[in-house]
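J.: Go by the hints and put chain Z onto chain W.
Spelled out, the chains give:
There are 2 protein chains.
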Amino acid sequence: MKSIQSLNYSVVFNKEGHQELSSLLSSNSYSKVFILVDKNTKKYCLQKFKTKLNLDFTYELIEINSGEINKNLETCIQVWNHITNLGGDRKSVLITLGGGVITDLGGFVASCFKRGIDFINIPTTLLSMVDASVGGKTGVDLGVLKNQIGLFANPKMVVVDEDYLETLAEREIKSGTAEIIKYGLTYDKSLFDEISTNNYKNINTLIYRSIEIKNEVVLMDPKENYLRKVLNFGHTLGHAIESYFLESTKVKSLTHGEAIAIGMVCESYLSTKIFDLSIEKLKLIKKTILEIYTKVDISKNYYPEILSLLKHDKKNVNGQINFVLLNDFEDYKIDCKVSEDLILESLDFYNS
Amino acid sequence: MKSIQSLNYSVVFNKEGHQELSSLLSSNSYSKVFILVDKNTKKYCLQKFKTKLNLDFTYELIEINSGEINKNLETCIQVWNHITNLGGDRKSVLITLGGGVITDLGGFVASCFKRGIDFINIPTTLLSMVDASVGGKTGVDLGVLKNQIGLFANPKMVVVDEDYLETLAEREIKSGTAEIIKYGLTYDKSLFDEISTNNYKNINTLIYRSIEIKNEVVLMDPKENYLRKVLNFGHTLGHAIESYFLESTKVKSLTHGEAIAIGMVCESYLSTKIFDLSIEKLKLIKKTILEIYTKVDISKNYYPEILSLLKHDKKNVNGQINFVLLNDFEDYKIDCKVSEDLILESLDFYNS
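Taken in order, these protein sequences are the chains called W and Z. Heads up: the first sequence runs through residues 1 to 352, numbered per our numbering. Heads up: the second sequence runs through residues 1 to 352, numbered per our numbering.
With the rest of the complex left out, here is chain W (with noise of 0.2 angstroms):
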């Protein structure tokens, strides 16, 4: 597959990907390689990377503990520490093999010590590599608040191979899906309707359009000054509910995926009341969602902790919570105000 051009770097894919990056690190550009890995791409992906890579080279190995949780500060503390101690310099390369916690965090460490070395991203899940793979948003959570501490900053290259999918559970590939339906339902209605019909028979070609829609976004607008933004379909509410059931004792976590689905349905509900988004649209998108994602219960009694995250939502200013609605399928809607009214009527249109 023909690599994607991005701001100052290339996404590369498969054999090539791997090649590039061989003949990068066989260049002696570099004092020392890290390689960030968590339990489980240490387990899964490791060796594949190595003997994708087929060349011999020195590496230290940093893992860190798996999941959103710990994509924290304190994680980022032990991490400049271990590349502290192990002699990372200025002209060292992180490597990040992983998920977006891995990719984020790993992007984020690398470009702050000691102000920055290169780092190169191969992600490893299907969220990871739609979303994450392009547009330099780096970062980590604090508290409960999700991606309030980062950076705009950009891999060297990033190389992306559907086969360190092979091992990734059905749950997570769901969550990477959400991302694909939300280039469907704002960008490119083929992508929707291959998600609904087909059941990702093409995964390839899911991921490949997916990562070229993001980057045609990302290099229009890199910083998120307005276009960018119709990237954040389905994230605002999405994001709230998932910050409220990852620190909540009384549910349990849901993937990224599954949150960003319900943002999706609630966020098409808004679409239908305020803007031209047809009844029968609407129903197609909450049908579709809910024969791939199983229904979650969003008691009332969850509502007013919903609303008080969605406050503190990164894309807000002077308090208002901004929304991505859509006008019709491929038509969106930046920069959107909406009451609270409709906002929990839409978790009302959800849980229906």
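Misleading hints may appear alongside valid ones.
All copies of an identical chain are treated as equivalent in the list; a pair is satisfied when it fits inside any one copy or across any two copies.
[Stated by the list, open to error] SDA-like mimics (lysine to any residue), calculated; alpha carbons at most 20 angstroms apart, straight line:
1) K91 with Y226
2) K223 with N8
3) K50 with E247
4) K223 with R90
5) K311 with E63
6) K91 with C336
7) K315 with V230
8) K273 with L53
9) K229 with I173
10) K315 with N81
11) K223 with L151
Calculated directly from the structure, the hints in this document are not laboratory data.
T.: For chain Z alone, coordinates are given in the frame of chain W:
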């Protein structure tokens, strides 16, 4: 005084600086104004700042503990939590009012909050005026390692006003003087002569010329790939000595300038040994510095730990310690390697 244009911001002086800042704040481009202070700048500088601004505006004050010992990630986390709880958003601005700890840490905090908000630096110490006011280096320490975690990030504007120095202790003035001596030795000997003969009569000129020199260097090499390293003269050994005295329970801490002054004596010695700096000039440098700064006892017992700290210097690559040395006044050499024996000899020379 004419403002100095840096990368994408200006250093504006005295009354004009405060007027420009007033206009910026009253233009309503910011959703919320945060002012970061420590105990000292809250007491001595905040009222002065507000009087000089002559503007009726609302702000949130964030106070942190004074001193290098608090320039760490724990303090950053406190400030990030404060800003979050006070409703900071992407259109907030952080004004840093203080010395290097406040401006370095504040710049880092702002640059990572929700992937970056504007910050404005009001340096209130001589050191931060002549050193931290331009160059875009932000950061905090990791354990004993100075500025190990940080970023290149530029403020929106910098306001420099020597009125803030009025309440500064003599020791703090001297801390800034070391950087002026550095500019003198490496770039413009008239600054060195002025310091050694004129007892700060023209402090305004010293500040202005120092910022001018630093800016010239930074504009040519913003990310410290080569030329900018000249600004590290005295800092390789100086930083290690500063870290040692900061952490050791056996000795009292030194100011940054006191440590850099020792570093300059030692590195001048290395310059004489390796390059063409004459013994007369070496003696003049040592004499001038010891007239300003009380001699410090650097016991041979400290040498091993100082050497070990040197090996973690950010400027090292492949474990090689890099020095900036002098071939003569205003004539420097970058990336010089020096044997451990000679490094220890240079400490002996300082002690002699």
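J.: Please go over all the hints and tell whether each is borne out by the structure.
T.: Consistency of the hints with the structure:
Taking the shortest alpha-carbon separations for K91 and Y226, only the inter-copy value of 14 angstroms comes in at or below 20 angstroms, while the best intra-copy value is 35 angstroms. Proximity of K223 to N8 under the C-alpha cut-off of 20 angstroms is found in both arrangements, the shortest distances being 14 angstroms within a copy and 17 angstroms between copies. With identical chains, the CA atoms of K50 and E247 are never at most 20 angstroms apart, being 36 angstroms at best within one copy and 41 angstroms at best between copies. Only between protomers do K223 and R90 lie at most 20 angstroms apart by alpha-carbon distance; the minimum there is 11 angstroms, versus 26 angstroms within a single protomer.
Within a single copy, K311 and E63 get their C-alpha atoms no closer than 34 angstroms, and across copies no closer than 25 angstroms, so neither meets the 20 angstroms cut-off. Within a single copy, K91 and C336 get their C-alpha atoms only as close as 44 angstroms, which misses the 20 angstroms cut-off; across copies the closest is 17 angstroms, which meets it. When the C-alpha separation of K315 and V230 is checked against a cutoff of 20 angstroms, the pair qualifies only within one copy, where the shortest distance is 12 angstroms, while the shortest distance between copies is 41 angstroms. Taking identical chains as interchangeable, the C-alpha atoms of K273 and L53 are never at most 20 angstroms apart, the minima being 52 angstroms within one chain and 47 angstroms between chains.
Proximity of K229 to I173 under the C-alpha cut-off of 20 angstroms is found in neither arrangement, the shortest distances being 24 angstroms within a copy and 48 angstroms between copies. For the homomeric pair K315 and N81, the shortest alpha-carbon distance between copies (17 angstroms) is at most 20 angstroms, but the shortest distance inside one copy (32 angstroms) is not. Proximity of K223 and L151 under a CA criterion of 20 angstroms is satisfied in both settings, with 10 angstroms inside one chain copy and 17 angstroms between copies.
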